[in-house]
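Engineer: I would like the entire structure built from these sequences, with the hints used as guidance.
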Amino acid sequence: MRRALHSHAFKRFTHHTQQSVASPVASRINFQSHALIRPTQMLRVFSTVAPKSLTEDAIVPMSVVDEASTEESDQSDIGRKLKPREVVEQLNKYIVGQADAKRAVAIALRNRWRRQKISDELRQEISPKNILMIGPTGCGKTEIARRLAKLSEAPFVKVEATKFTEVGFHGRDVDQIIRDLVENAINMVKKNRKEKMRKQVQHLVENRILDVLTGANVAERSRATFERLLRTGELEDRMIEFDVPVSKNPSAQPISIVGGEGKGIPMEVFGRAFGEKRMERKRMTIAESRGVFEEMEMENAIDMTDVVREAIHESEENGIVFIDEIDKICSSGDFRRSSDPSSEGVQRDLLPLIEGSVISTKHGNVNTDHILFIGSGAFHSSKPSDLLAELQGRLPIRVELKGLTEEDLHRILTEPVTNLIKQQIELISTEGVVLSFTDDAIREIARVANEINQTVENIGARRLHTVMEKVVEDISFDSSEMAPGSIVTITKDFVLERVGKLMKTTDLSKFIL
Numbered sequence: 001m002r003r004a005l006h007s008h009a010f011k012r013f014t015h016h017t018q019q020s021v022a023s024p025v026a027s028r029i030n031f032q033s034h035a036l037i038r039p040t041q042m043l044r045v046f047s048t049v050a051p052k053s054l055t056e057d058a059i060v061p062m063s064v065v066d067e068a069s070t071e072e073s074d075q076s077d078i079g080r081k082l083k084p085r086e087v088v089e090q091l092n093k094y095i096v097g098q099a100d101a102k103r104a105v106a107i108a109l110r111n112r113w114r115r116q117k118i119s120d121e122l123r124q125e126i127s128p129k130n131i132l133m134i135g136p137t138g139c140g141k142t143e144i145a146r147r148l149a150k151l152s153e154a155p156f157v158k159v160e161a162t163k164f165t166e167v168g169f170h171g172r173d174v175d176q177i178i179r180d181l182v183e184n185a186i187n188m189v190k191k192n193r194k195e196k197m198r199k200q201v202q203h204l205v206e207n208r209i210l211d212v213l214t215g216a217n218v219a220e221r222s223r224a225t226f227e228r229l230l231r232t233g234e235l236e237d238r239m240i241e242f243d244v245p246v247s248k249n250p251s252a253q254p255i256s257i258v259g260g261e262g263k264g265i266p267m268e269v270f271g272r273a274f275g276e277k278r279m280e281r282k283r284m285t286i287a288e289s290r291g292v293f294e295e296m297e298m299e300n301a302i303d304m305t306d307v308v309r310e311a312i313h314e315s316e317e318n319g320i321v322f323i324d325e326i327d328k329i330c331s332s333g334d335f336r337r338s339s340d341p342s343s344e345g346v347q348r349d350l351l352p353l354i355e356g357s358v359i360s361t362k363h364g365n366v367n368t369d370h371i372l373f374i375g376s377g378a379f380h381s382s383k384p385s386d387l388l389a390e391l392q393g394r395l396p397i398r399v400e401l402k403g404l405t406e407e408d409l410h411r412i413l414t415e416p417v418t419n420l421i422k423q424q425i426e427l428i429s430t431e432g433v434v435l436s437f438t439d440d441a442i443r444e445i446a447r448v449a450n451e452i453n454q455t456v457e458n459i460g461a462r463r464l465h466t467v468m469e470k471v472v473e474d475i476s477f478d479s480s481e482m483a484p485g486s487i488v489t490i491t492k493d494f495v496l497e498r499v500g501k502l503m504k505t506t507d508l509s510k511f512i513l
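With full-length UniProt numbering applied, the sequence shown covers 1 to 513.
Quick caveat, the hints were computed from the structure, so don't treat them as lab data. No residue lacks a Cβ here, since even glycine has one placed at the ideal position from N, Cα and C. Check before you lean on any hint, since a few could be wrong.
Pairs of lysine-lysine residues, derived as DSBU-like cross-links and limited to a Cα-Cα distance of at most 30 Å, are as follows [unchecked claim]:
1. K470 with K492
2. K190 with K282
3. K199 with K81
4. K199 with K150
5. K383 with K422
6. K150 with K362
7. K422 with K129
8. K163 with K81
9. K93 with K362
10. K129 with K402
11. K83 with K129
12. K117 with K163
13. K470 with K129
14. K402 with K383
15. K83 with K196
16. K328 with K402
17. K163 with K199
18. K163 with K83
19. K196 with K129
20. K81 with K191
21. K93 with K282
22. K492 with K158
23. K81 with K129
24. K470 with K402
25. K93 with K158
26. K190 with K362
27. K383 with K158
28. K81 with K190
29. K83 with K190
30. K81 with K196
DEER-style ranges, computed between Cβ atoms [claimed, not checked]:
31. A99 with D478: 18 to 26 Å
32. D120 with M284: 46 to 54 Å
33. G356 with E473: 26 to 34 Å
34. E160 with K282: 13 to 21 Å
35. F226 with W113: 48 to 56 Å
Structural biologist: Structure below.
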């Protein structure tokens with residue numbers, strides 16, 4: 001026999017389900033007695049069979065959700081269906097030049113979509129063609145990979161090759177790369193599910209707030225009055241107190257019973273297994289509490305087992321690993337030292353990871369056969385041929401990125417949708433000051449940056465940040481004291497006045513990053 005539910009919304013829904021016992025969905029619904037707690041592993045969706053008045057209140061098991069959300073999952077896959085030319089066009093909005101590198105990653109992304117359309121037997125035999133990007137620092141290698149990950153909505157992790165050591169030495173081993181990838185995938189899947197659920201939990205959030213305001217045994221007339229006041233916004237500033245689960249410190253590393261970093265059984269599992277759930281009392285306004293209750297409802301609705309399973313699948317099929325500074329773990333033939341735990345040994349450890357192996361994580365085993373690996377390095381003091389021959393074979397596609405010219409630097413200042421000029425104008429506009437740059441001033445900034453790159457050390461587009469900050473330094477300092485509506489125009493002479501005299505001296509240390 002069902003126990004009485006205190007929530008008005010649940011009463012209406014119970015009445016409906018009693019009238020619709022024959023419904024296979026309604027017959028599978030379990031109710032709990034406490035008004036503030038709803039069934040776990042359940043997700044509210046818009047039902048296609050329920051009456052219109054109950055559409056927003058429908059609660060169905062996760063299996064039904066998977067079928068109902070097929071269309072939404074197809075829509076979230078739009079980024080992976082982009083044609084190579086469309087991928088390049090998207091990358092052109094943020095990155096200047098480097099057409100060869102853009103084409104290479106666009107083809108790699110499209111091949112992943114093509115592979116999904118092939119029969120299962122052949123699909124398992126098709127592995128991604130990993131990429132090695134070769135080019136000077138600041139030319140766009142990292143930015144291309146980062147934008148590609150956002151565009152494809154795929155699990156992505158960027159690591160520095162120099163942070164890893166050979167297995168057996170103190171430090172991080174390369175398997176941690178895949179563990180980090182899975183963690184990022186879990187966060188990505190969880191975030192996507194929350195976004196889909198956000199509108200659907202609003203009614204439950206309202207019920208939570210009403211329960212705190214009125215209590216569980218209040219008369220329906222009084223509850224209806226509070227509900228009307230709540231919906232009209234008259235109670236938004238009222239203070240309420242309620243219990244919330246204690247959130248764990250995100251910066252704290254989980255302690256495992258056995259195994260090394262990222263392995264073993266986390267201590268938090270034992271707390272969940274024995275029903276341990278610490279609560280703390282919070283006091284805040286109703287307006288502030290909405291976000292807290294919304295998060296609690298979504299956390300209760302999400303099936304973490306299903307999230308982890310989907311995240312591992314996403315990591316295996318669509319994961320992208322970007323290994324930066326890969327040239328720093330290789331030495332020229334005359335200076336190879338096999339005893340260096342951060343050099344050749346790391347290359348050997350990377351071999352099975354890139355070729356395809358099974359990595360153990362605390363969430364389960366992850367197969368790396370179809371993960372796309374992108375290596376990147378400047379190769380100033382070494383050559384790609386100095387990498388282990390086996391590793392070279394596992395990075396078959398090589399793309400050389402060109403160094404940036406003065407014209408490239410000028411385009412970087414003006415063409416990307418989030419260019420530096422626009423950023424500075426928007427920052428100063430928050431003070432009520434109108435900032436503008438003449439075209440001659442922009443070209444002078446590019447010329448100065450290019451000259452310093454050639455004279456001191458070439459750090460590519462990053463040099464623009466240094467020059468730009470020097471140019472607007474005084475304006476940034478004084479803008480808060482200027483009259484609202486003031487207009488400041490930066491000209492070529494203004495740029496020369498700020499940085500020109502420094503170009504004539506030999507001491508350029510202030511510009512070195």
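Engineer: Report the numbers of all earlier hints that the structure fails to satisfy, in ascending order.
Structural biologist: Per hint list: 5, 7, 8, 9, 12, 13, 17, 18, 19, 21, 22, 31, 33 and 34 violated.
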